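Chemist: Single-letter residue listing:
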Amino acid sequence: MSIPFTHFLVLSTLLFFIGIYGFLTRKNLITMLMSAELILNAVNINFVVFNKYLYPDQLHGHFFTLFIIGIAAAEAAVAIAIIINLYRNFSTMDVEEIDQLKH
Amino acid sequence: MMEQALFYLFSAIILGFAIMVVTTRRILRAAIYLLFVLGATAAIYFMLHYNFLAAVQITVYAGGIVVLIIFSILLTSKMEERLEVPALRKMLFSGIVCAGGAFLCLHTILTYSFNPVVETTKPSDVKLIGEQMLNYGANGYVLPFEVISVLLLAAMVGAIIIAKKGKPQNP
Amino acid sequence: MDLLTLLIIIPVLTIIGLVFCKDHKQVKIVAATGMSVQLLQCIYVVIAYLMERKAGNKAEMLFQKNYMWFDSLNIQYSIGVDGISVALILLTGIVIFTGIFASWNVTHLAKEFFISLILLSSGVFGFFISLDLFTMFLFYEIAVIPMYLLIGIWGSGPKEYSAMKLTLMLMGGSALLLVGLLGIYFHSSAGGSPLTFNILEIAKVSIPIEMQRFLFPCTFIGFGVLGALFPFHTWSPDGHASAPTAVSMLHAGVLMKLGGYGCFRIAMYLMPEAAHEMAWIFILLTGISVIYGALGAIMQKDLKYINAYSSVSHCGLVLFALLMMNETAFNGAILQMVSHGLMCALFFALIGMIYGRTKTRMINEMQGIMKVMPFLSVCYVIGGLASLGLPGLSGFVAEMTIFVGAFQHPDMFHRIATVIAIASIVVTAVYILRMVGRMFMGPLDNEQFQGLTDAVWHEKIATVALVVAIAGMGMAPLWLSDMIGNSLGPIMDQFSMLAP
Amino acid sequence: MEFGYTIWIALIPFLAFLITGLAGHRMKPMVSGLIGTVGIGIATLLSYVAAHQYFFGVGKVDGVYQKIIGYKMEWLRFSETLAIDMGVLLDPISVMMLVVITTVSLMVHIYSLGYMAGEKGFARFYAFLGLFSFSMLGLVVATNIFQMYIFWELVGVSSYLLIGFYYNKPSAVAASKKAFIVTRFADFGFLVGILLLSYITGTFDFVLLTDPEGAAITQGSGIAFMGLSVMTWSLILVFMGGAGKSAMFPLHIWLPDAMEGPTPVSALIHAATMVVAGVFLVARLFPVFALSAPAGLEIVAIMGAFTSLFAAVIACTQNDIKRILAYSTMSQIGYMMLALGVSGYGGADGLGYMASMFHLFTHAMFKALLFLGAGAIIHAVHSNFISDMGGLRKYMPVTHITFLIACLAIAGIPPFAGFFSKDEILVAAYQNHMLYFLVEYIVAGLTAFYMFRLYYGVFWGKEKTYEHAPHEAPASMTIPLIILAIGSATTGFIPFQKLVTSDGMAFDIHFHWNIALPSIGIAIAGILLATAFYRKGSDMPDKIAAGLGGLYRAAYRKFYIDEVYQFITKKIIFNLISRPIAWFDRQIVDGSMNGIAYITNMVSAGMKDLQSGQLQQYAFVLVSGVLILVLSLVYLMNN
Amino acid sequence: MNIESFLIMRHELMLTLAAVLMLIAELSFGKSEKSRIIPLAIFIFGAVTAVGFLPAPTGSLFGGMYQTSALIILMKNILNLGVFIVCLQSASWLKLPVNQDKGSEYFLLMISTLIGMNFMISAGDFLMFYLGLELATIPLTALAAYETYKMKSAESGIKLILSASLSSGITLFGISMIYGTTGSIYFNEVAPLITGDNLQVLGFLFFFTGLAFKISIVPFHLWTADVYEGAPVNITSYLSVVSKAAALFILIILMFTVFNALEVVATKVVYVTAILTMTVGNLFAIRQQNLKRFLAFSSIAQAGFIFLGVIGGPGLGITSVIYFILIYVFSNLGAFGVIAVISGKTGKENIPDYNGLYLTNPKLSLVMMLSLFSLAGIPPVAGFFGKFFLFAAAAQQGYYILVLIAVANAVISLYYYLLVVKAMFINKSEQPIEPIHSDGFARVGMVLCVLGMVVIGFASIIFDYIETLSRQL
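Chains as they are written, first to last, in numbering that gives the first Met the number 0: chain L, 0 to 102; chain A, 0 to 170; chain Z, 0 to 499; chain U, 0 to 638; chain G, 0 to 472.
Treat the hints as calculated values from the structure; they're not laboratory data.
What you are looking at is a predicted structure, and each value in this text was computed from that prediction instead of being measured.
Treat the hints with care, as some may be off.
[Stated by the list, open to error] Under the rule of at most 27 Å between Cα atoms (straight-line distance), these lysine-lysine pairs were calculated in the DSSO-like manner:
#1 Z/Lys358 <-> G/Lys30
#2 G/Lys94 <-> G/Lys347
#3 U/Lys607 <-> G/Lys94
#4 Z/Lys203 <-> Z/Lys358
#5 L/Lys26 <-> A/Lys163
#6 L/Lys101 <-> G/Lys344
#7 A/Lys163 <-> G/Lys33
#8 U/Lys393 <-> U/Lys463
#9 G/Lys362 <-> Z/Lys24
#10 U/Lys168 <-> Z/Lys370
#11 G/Lys30 <-> G/Lys94
#12 U/Lys542 <-> U/Lys557
[Said to hold, decoys possible] Covered stretches of chain Z, as calculated for chain G (at least 3 residues, CB under 8 Å):
#13 55 to 61
#14 140 to 154
#15 176 to 189
#16 383 to 397
[Claimed, not checked] Interface residues of chain G toward chain A, partial, derived using beta-carbon atoms under 7 Å:
#17 Phe52
#18 Leu53
#19 Thr57
#20 Ile193
#21 Gly195
Just so you know, even glycine gets a beta-carbon here, dropped at the ideal spot from N, CA and C.
Just need the whole structure built from these sequences, with the hints factored in.
Modeler: Put into C-alpha cells, the structure is as follows:
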C-alpha cells in the first residue's frame with residue numbers, strides 16, 4: 000500500500016471542517032443541510048479507512064458507515080419536511096430570519 | 000502508483016467540490032457539487048475494495064438524499080436566484096475556527112502513532128456482509144438493523160405529519 | 000410516640016387540622032388550640048427534663064432516640080435534648096403560642112397564614128431537637144422558607160423586596176452552611192468508623208485543622224447570617240419591617256436564635272480548634288454588630304427598624320459571648336437568646352397591635368398614646384426596660400452573665416472588646432428611652448388617636464404571657480441558668496484542651 | 000438567724016408596689032395610698048427595731064461593730080467563685096441608711112397623701128414610691144456588689160419613672176430621659192469597674208472584698224496601667240457610677256432637671272436617699288479605697304470639693320426654688336464626698352468617714368424638710384419661682400418655721416444638726432489639706448447666703464398678689480414637716496463617732512474651736528448678707544449681678560454644661576456617629592448586598608445577546624466550545 | 000434466542016408493540032373515533048410502564064451489543080414514568096381540533112423516541128448508542144415541529160434538527176477517533192484500550208459534546224431555550240425531562256465504564272462545564288418572562304447541578320444523579336403540567352399572566368409552587384434531598400469550591416423560582432386567569448407528580464435501593 004494511511008485522515012478532517020464551515024456560514028437552510036451531509040461523509044471516510052487499514056479483520060467501521068448513511072437519509076427527510084413546512088407556511092428559507100425565539 | 004494518483008485525484012475532487020458546495024451562490028449547483036463529493040467518496044470506497052459500501056453510498060446518498068435535496072430545492076427556490084453572500088464577519092470567524100479546528104485535529108491525528116497492519120486481502124464480499132448483518136451473535140448487526148428500521152419508520156411518519164397540509168395560524 | 004417527636008407531630012397535626020377548616024373562626028380556634036397544646040408539651044418537656052436530671056441522669060443528651068433514615072449515608076433521624084435546647088424549645092413554645100394570639104386579626108387568607116406560621120415553627124422545633132446534621136439542616140430550611148410567603152403575602156411596605164432579600168440572604172447563609180456540613184460529614188470518620196452526621200459522634204472526632212480552617216468560617220458565617228452577624232445583617236431591618244406581626248415575632252424571637260444555636264452547636268462545638276484560632280476575627284465582627292446595631296437604632300424612626308437594629312445588637316452579643324469560649328459566657332449567650340427571644344416577641348407583638356390602631360409605625364407621628372392605650376404602653380415600656388437590661392427583667396440576667404463571663408477571659412483583647420460591648424448598654428438606653436419618650440409620653444395631640452382603644456383579650460393573652468415570662472426569667476433566673484450551665488460540661492470538655 | 004426579718008424591710012414596700020401597681024387602677028386612690036403608707040410604716044418600724052438591736056444589742060462584739068449577714072440566697076451563679084447573692088448585710092452604715100431611708104420615705108408617703116391628692120395616677124405614684132423604697136433599701140443592704148448594682152439600676156429606673164410621672168409634660172419626659180441616660184452612662188463605668196474588681200479579686204462579695212486582711216485588698220495592687228494600679232482604675236470606674244448617681248461634676252446635669260418630678264419625689268429621691276447612694280457606695284468600699292487605692296480616694300476628694308463649690312455658686316443665681324435646692328443638694332453631697340476622700344482608715348484617722356456619714360444623716364433630715372416645705376409652698380402658690388413669691392410667712396406659719404429650722408441647719412448654725420456634721424467635715428478637711436478646707440469654708444458661707452436668699456425671698460420680701468390666697472398645707476403635709484424639723488434640730492447630738500466609723504470601732508473626737516468659730520462666723524456673715532439683700536427687697540443684688548457680668552451670666556446658665564452636653568449628644572453622637580452609621584448601613588453594607596443582586600442582573604442582561612436566536616451563532620459557539628475544550632485539555636492542561 | 004432474551008429486552012419490545020398497536024389503531028379507527036385513541040394510548044402506555052417494574056432477568060444480548068442490568072432497568076422505568084406523565088398531560092392538548100387527527104402519530108413518535116432512549120441506555124457498543132441517540136432525536140424534532148401552523152413550532156423544529164445533526168456529526172467524529180485508536184466499537188473491548196492518549200482525549204471530547212448537547216450543557220446549550228419555547232408544551236416537558244434524563248443516564252454509564260481511564264480529563268471537563276452550566280443557566284433564567292423559556296434555562300442550570308453528581312464518581316455520585324433525576328422528573332413535569340393546563344386553556348405562558356393565580360386556581364398554584372420548590376431544593380419536597388446528595392457527592396471527592404459555587408447558584412435559582420411563586424401568590428392582578436377545570440388525565444398526572452415530590456424525599460428506601468444498584472455498575 001503506497002498511499003500513506005494518514006492522508007486519508009487529512010482528507011476526512013479537512014472535509015469535516017469544510018462541512019462545519021458551510022454549516023456556520025450558509026444562510027439557506029438547505030445548504031446548511033448539505034453541509035451537514037459533508038460532515039457525515041467525512042466521518043464515514045474515517046470509519047472506512049480505520050477499518051480498512053488498522054482493523055481489517057472485523058467490519059465495525061464498515062457497518063458503522065452503513066448505518067450512518069441510513070440515518071443521514073432519515074435525518075435529511077425530516078429536516079426537509081420541516082424546511083418545506085417553513086417555506087410553505089412562512090415562506091422563509093433563510094436561517095437568519097428564523098429568529099423569533101431568542102434572548 | 001495508479002492507486003495513488005487516483006486517490007489524490009479523488010481527494011482533490013472531494014475537497015474542491017466540498018468547498019464549492021459551501022461557497023457557491025447557486026443552490027442547485029451546490030447540490031450537484033455535493034453529488035460529486037459523494038460520488039468521489041464512493042470511488043474511494045471502491046478503491047478500498049468496499050464495494051458494497053460504495054454501492055450503498057451511491058444509491059442512498061446520491062440516489063436518495065441528493066435527489067431529495069434537489070427536489071426540495073426545486074420546490075422552494077427559484078432557479079435564477081443567487082444566494083446571498085454571508086456577512087464577512089461571519090465568514091471570517093467561522094473560517095478561523097474551522098481552520099484552527101482542522102489544525103488542532105490534524106496535529107493530534109498526525110502525532111498519533113497508528114500501526115497500519117499489512118494489507119490483508121480479506122474480501123469484503125456481500126455474503127460476509129449479509130451474514131454479519133443478520134447475525135445476532137458477536138459482531139452481528141441484526142439489532143442495529145432492526146433499530147434503524149424503527150428509526151426510518153418514525154422518521155417517515157414524522158416527515159409526513161409535518162409535511163401534511165395545515166393552515167398557518169400566525170404567519 | 001416519643002416525647003420530642005411529639006413536638007413536631009403536634010404542629011403537623013395542627014396543620015392538617017387547618018387544611019380542613021371552613022372559615023376564619025375555625026382556623027383560629029384550631030391554630031390556638033394546637034399551639035396551646037404545643038406550649039403545654041414544651042413545658043412538659045422542660046419538667047420531664049428537669050426531673051430526669053434530678054433523678055441523676057448524667058447523659059449528655061436526654062430522651063435520645065436514633066432511627067436510621069438514609070442507610071447508605073448513615074443519615075439518621077436522631078433526636079435528643081440538653082438544657083440548652085430545652086430552654087430554646089420552651090422559648091419557641093411561648094413565642095409561637097403568643098404569635099397565634101397576636102395574629103388574631105389576620106383575615107386575608109387566614110388559613111394559609113396559620114399553616115405557614117405553624118410550619119415554620121415545626122421547623123424550628125425540629126431544629127432544636129435534632130442531633131443529626133442532615134436532619135437539622137432540613138428543619139433549618141423548613142423554618143426559613145415559609146418566611147418568604149409570610150412576608151410577601153401578609154407583609155406591609157416594600158414587602159416583596161424585603162421578603163426576597165431576607166430569603167436570599169438566609170439561603171445564601173444556608174448555602175455556606177451546606178458546604179460546611181458536608182465538609183464536616185466527610186471528615187467525621189475516625190479510624191475507619193463509618194461517616195456520620197451525628198453531632199455527638201462527630202464531637203469525639205478531631206477534624207483536621209486545615210479542614211477546620213475552611214469549614215469553620217463556612218458554618219459560622221452560614222449560621223451567623225441568620226444570627227445577624229455584621230455585615231450580613233441587612234436582611235433583618237427590611238425583613239422585620241415588612242413582616243406581619245407574628246412573623247416578626249417568630250423571626251426575631253426564635254429564628255434568629257437558630258443562628259446562634261447553630262454557631263454554638265455546630266461550628267464551635269465540632270470545630271473548637273478553628274474556633275479558637277479564628278475567634279478574633281469574629282469577635283471583631285460581632286463587637287461591631289453590638290455597637291453598630293445599637294448606634295444604628297438611634298436614628299431610626301420606624302419602630303420596627305429600631306427593633307431590628309436592636310436585634311442586630313442583641314444577637315451580636317449572643318455570638319460575641321459564644322466566641323469568648325468560657326462556661327459563663329456560653330451560659331450567658333444562651334440566656335441572651337432566650338431573653339432576646341421573649342423581648343423581641345413582645346416588642347413586635349406590641350408594635351403590631353399599636354400599628355393596627357394608629358396605622359403608623361413612625362415614632363415622630365405618635366405622641367402620648369399612653370393616655371389611650373395604657374396597657375399596651377406599659378407592656379411596651381416593660382419590654383423596653385428589659386431590652387436596656389433592667390434588673391428584674393430577663394435582659395439583665397443574660398447580659399450580665401455574658402459580661403461577667405467575657406470579662407473573665409484572661410486575654411486583654413477579649414476584655415477590651417467586652418468593655419466596648421458593654422458600652423452598648425448605654426446606647427441601648429438612649430434609643431429605648433427616646434422611643435418610649437416620643438411615643439407614649441407627652442401630650443396626646445393627634446385628634447385621630449383620641450378614640451383609639453386599648454388591648455382586647457387575645458392581645459392581652461399574648462402580651463401578658465410574654466411579660467410574665469420576661470419578668471419570671473428576670474427575677475428567678477437561677478433554675479434556667481443552672482439548667483443551661485449543667486449541660487455545658489461536655490461542651491467545655493471540647494474546649495478544655497485549648498486552655499491556655 | 001436573728002436578723003432574718005430584715006429582709007422584710009425591703010420586701011414589704013415591694014409587695015406594696017405589686018399590689019398598687021397591678022390592682023391600683025381598680026381601687027380607690029386613697030386606698031392604694033394607704034397601702035403604700037402602711038407598708039412603709041411597717042418597714043420603718045422594723046428598721047428601727049433592727050437599728051436598736053444592732054447598735055445597742057448584738058451588733059457590737061468586743062467593741063467592734065460586726066458585719067452581720069441577716070439573710071442570703073443565691074440568685075444567679077456565674078462560676079464557682081462568682082455569683083450574685085441576694086441578701087441583707089447589716090453593718091453600721093447600712094443600718095443607719097435603713098433608718099434614714101425608711102424615715103424619709105415614710106414622711107414622703109404621708110406627705111404625698113395630701114400633696115398628691117386628686118392627682119390622676121395617684122395609685123401609680125404610690126406604686127412607684129414603693130418600688131423606689133424597695134430598690135433603695137435593697138441597695139443599702141446589699142451583701143454583694145452585684146446585688147448593689149442591681150438595685151442601683153432599679154433605683155435609677157424608679158427615679159426615671161417618678162421624674163417622668165407627669166408623662167404628658169414634655170419637659171418632664173425629657174428630664175426623666177436625661178436622668179436615666181446620664182446615670183446609665185455612669186453605671187457603665189460602675190459595671191466595668193465591678194468586672195475589673197471581680198477579675199482582680201475573684202469575688203463580688205462585700206464581706207470578702209472589704210475585709211482589711213482579706214486577699215482582695217492585700218493582693219489588689221498588681222499590675223499598673225497608665226501610672227495607676229489596676230485596682231485603682233477599677234475603683235475609679237466604680238466611683239464613676241457613684242458620681243453619676245450622686246450628681247458629681249460633670250455628671251450632675253440630670254439632677255436640676257429632675258426637679259420636674261413631683262416635689263415629694265424630689266425630697267425622697269433627689270435629696271435624701273438616692274443621690275447619696277454614690278456616697279454610700281464609696282463608704283461601702285471604703286476599706287478597699289483607703290487601703291489599696293489611695294489615689295482613687297484622692298480623686299473622690301477633688302471631685303467632691305469642686306462640685307460643692309461649683310454647685311454652691313450656681314445655687315446663688317437660680318430663681319427656681321427647687322433648682323436652688325437641687326444645687327444645694329449637689330453641694331452638700333460634695334461635702335460628703337470630700338469627707339470620704341480626705342479620710343483615713345481606722346480609729347481617729349477615720350474622722351472624715353464618720354463625718355461624711357454623719358452629714359449624710361443630718362442632710363437627709365433637713366434637705367427632705369426643705370423640699371417638703373418647698374412642696375408646700377409650691378402647692379400654695381402654684382409656681383416654682385421665687386419671683387412669684389414673697390411674704391408667705393403670714394399665710395403659712397408652720398411651713399415658715401420648719402423651713403427656717405432647715406435653713407439654719409443647712410447653714411451650720413448651732414445647735415442645729417448641720418452644724419455638727421459640717422464641722423466634723425471641716426476638721427477632717429483641715430487635717431488633710433488646707434486647700435480643701437478653704438474651699439469648704441467658702442462653700443459654707445455661700446450655703447448660708449443662698450439658703451437665706453431663698454428663705455427671705457419666699458417668706459419675706461415684697462408681698463405678691465396671688466390669684467388664690469395661699470393657705471397653710473393640710474395636716475398630712477405639715478405633720479411630716481414638723482417631724483423632720485425636730486429631726487433637723489436634734490440629730491446633731493447623736494454620737495456618730497461611737498456608732499458609725501470606718502472600722503467599726505468607736506473613737507473620741509475633740510471639739511476644734513479654731514474651726515467651729517470661723518465657720519459659724521462665715522455662716523452668719525452669709526445670712527446677714529442675704530438679710531440685707533432680700534429681707535426687704537433691694538436692687539443691690541441686681542447691681543452686683545450686673546457688675547459681675549459674664550461670671551454671673553455663666554453661673555446663671557449653670558456654666559453652660561448643659562449646652563456642652565447638648566452639643567456632644569445632638570451634634571456629635573447623633574449627627575456624626577449615629578446618622579453616618581445608619582447611612583453606612585443602608586448604603587454601603589446593604590448596598591453591597593443589593594449590589595450583588597444588581598450586578599447579577601446586569602450580567603444577566605449583558606449576556607442576553609449570547610442567545611441571539613441565530614442558529615448559526617449557536618453552532619459557532621458549540622464548535623468553538625469543543626475546540627476550546629480540546630485545545631485546553633489536550634494541549635494546555637494535559638499533564 | 001429464547002424466552003429469556005425476550006424478557007431481558009422487555010422494555011424495548013413492549014414499546015415496539017405499543018408503537019405497532021398505535022399504527023393499527025390509526026389504521027382501524029374511523030375519523031370519528033380518533034379521539035378514542037388518546038385514552039387507549041394512555042392505557043397502553045400505563046400498562047407498559049407498570050410491566051416495566053415487574054422483576055425480570057437481566058443480561059447481555061446480541062454479542063454484547065445490548066446489555067441491561069437492574070440499574071439500567073431502573074433508568075428505563077424512570078423514563079417510562081416520565082413519559083407516562085407527559086402522555087397524561089398531553090391528552091387535553093391532543094383533543095384540540097388542530098391536533099385531533101394526529102393523535103396516534105404523536106404517540107407513535109413519542110414511543111419511538113423512547114425506544115431509541117432505551118436502546119441508547121442499553122447500548123453495548125457505540126453503534127447502538129449512536130442509533131439510539133438518533134432514534135431519540137429525529138422523531139423528536141418532528142414532534143417539536145408538530146404544530147405546523149405555528150411559526151415558533153417550525154422554528155424550534157428546524158433549530159433542533161440542524162443543531163442535532165451538527166452535534167451528532169461531531170460525536171461521530173469522536174467515535175471514529177476512538178474506533179481508530181482502539182479498533183473496536185464494543186464498550187467492553189474499548190474500555191481496556193483507553194490509555195489517555197491525546198487522540199483518545201480528543202475523541203472523548205468530541206463524543207462528550209454530543210451528549211452534552213443533549214443534556215444542554217453550556218456551551219452546547221444554546222438551542223435549548225429556543226426549542227423549548229417554540230415546541231408544544233408537552234414536547235418541551237418531554238425534552239426537558241425524559242430526553243435529558245436519558246442522555247444523562249448514558250453519560251454516567253459511559254463515564255464510569257468505557258472512559259473510566261480518562262477520569263482526569265473527564266473530571267476537568269465536567270468541573271468546568273458544571274460551573275458554566277449552572278451559572279449561565281441561572282443568569283439567563285433570571286430575565287425570562289415566558290415560562291417555557293424560563294424552565295428551559297432552569298433545566299439547563301439543573302443539568303449543571305447534576306454534573307456535581309457526575310463528578311462525584313461511582314457510588315454516591317451515580318446514586319445521587321439517578322436519585323436526583325427521578326425527583327427532577329416529577330418536579331419538572333409538575334411545573335410543566337401546570338403550564339400545559341393553563342396554556343392549553345388560555346394560551347397564556349408568561350409569568351406576569353400568572354399574577355394572582357392562587358386566588359383563582361389554588362390547587363394549580365400549589366402544585367406549581369411545590370414543583371418550583373423542589374427544583375430549587377427546598378424541603379420538605381424531594382428536591383432538597385436530591386440536591387443535598389448531589390452536593391454531598393461532589394464534596395466527597397473534595398470539590399468544596401465547586402460545591403460552594405453550586406450552592407451560590409442554587410441561591411440565584413431560588414431567586415427566580417421565587418419570582419414565579421411571587422407572581423402566583425403575592426402579586427395582584429386585574430385580570431387573573433379564570434378558574435380552570437383541568438381534565439382527569441392532567442389531574443392524575445399532577446397528583447402523581449406531587450406524590451412523587453413528597454414521597455421520594457422522605458422514603459429513604461428509594462435512595463438506598465438506587466445505591467445498592469449503582470454499586471453493581
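Chemist: Checking one constraint from the list: CA of G/Lys362 to CA of Z/Lys24, max 27 Å. Satisfied?
Modeler: holds (23 Å)
Chemist: Just to be careful, I want the Cα atoms of U/Lys393 and U/Lys463 compared with a cutoff of 27 Å; is the pair within it?
Modeler: Given pair U/Lys393, U/Lys463 holds - Cα atoms ~12 Å apart, limit 27 Å.
Chemist: Taken at face value, is the distance from the CA of U/Lys557 to the CA of U/Lys542 at most 27 Å?
Modeler: holds (20 Å)
Chemist: Does Z/Lys358 lie within 27 Å of Z/Lys203 when you go C-alpha to C-alpha?
Modeler: Not satisfied, since the Cα-Cα distance of roughly 55 Å exceeds 27 Å.
Chemist: Within the assertion that chain G covers the segment 55 to 61 of chain Z, do at least three residues meet a Cβ-to-Cβ distance smaller than 8 Å?
Modeler: Result for this restraint: violated, n = 0.
Chemist: Could you check if G/Leu53 really has its C-beta closer than 7 Å to a C-beta on chain A?
Modeler: Because about 23 Å separates G/Leu53 from the closest Cβ in chain A, which is outside the 7 Å limit, the hint is violated.
Chemist: Next pair to validate is U/Lys607 with G/Lys94; report whether the Cα-Cα distance is within 27 Å.
Modeler: Not satisfied, since the Cα-Cα distance of roughly 37 Å exceeds 27 Å.
Chemist: Below or equal to 27 Å on CA atoms is what counts here, so check L/Lys101 against G/Lys344.
Modeler: This hinted pair holds, its Cα atoms lying about 25 Å apart.
Chemist: Using the nearest Cβ pair, does G/Phe52 come within less than 7 Å of chain A?
Modeler: violated (24 Å)
Chemist: Straight-line Cα separation of L/Lys26 and A/Lys163 no greater than 27 Å?
Modeler: Answer holds: L/Lys26 to A/Lys163 is near 25 Å, not above 27 Å.
Chemist: What's the verdict on Z/Lys358 and G/Lys30, does the C-alpha distance respect the 27 Å limit or exceed it?
Modeler: Violated, at roughly 67 Å.
Chemist: Given the hint that U/Lys168 pairs with Z/Lys370, does the C-alpha gap stay at or below 27 Å?
Modeler: holds (12 Å)
Of the numbered hints stated above, those contradicted by the structure are hints 1, 3, 4, 13, 16, 17, 18, 19, 20, 21, listed in ascending order.
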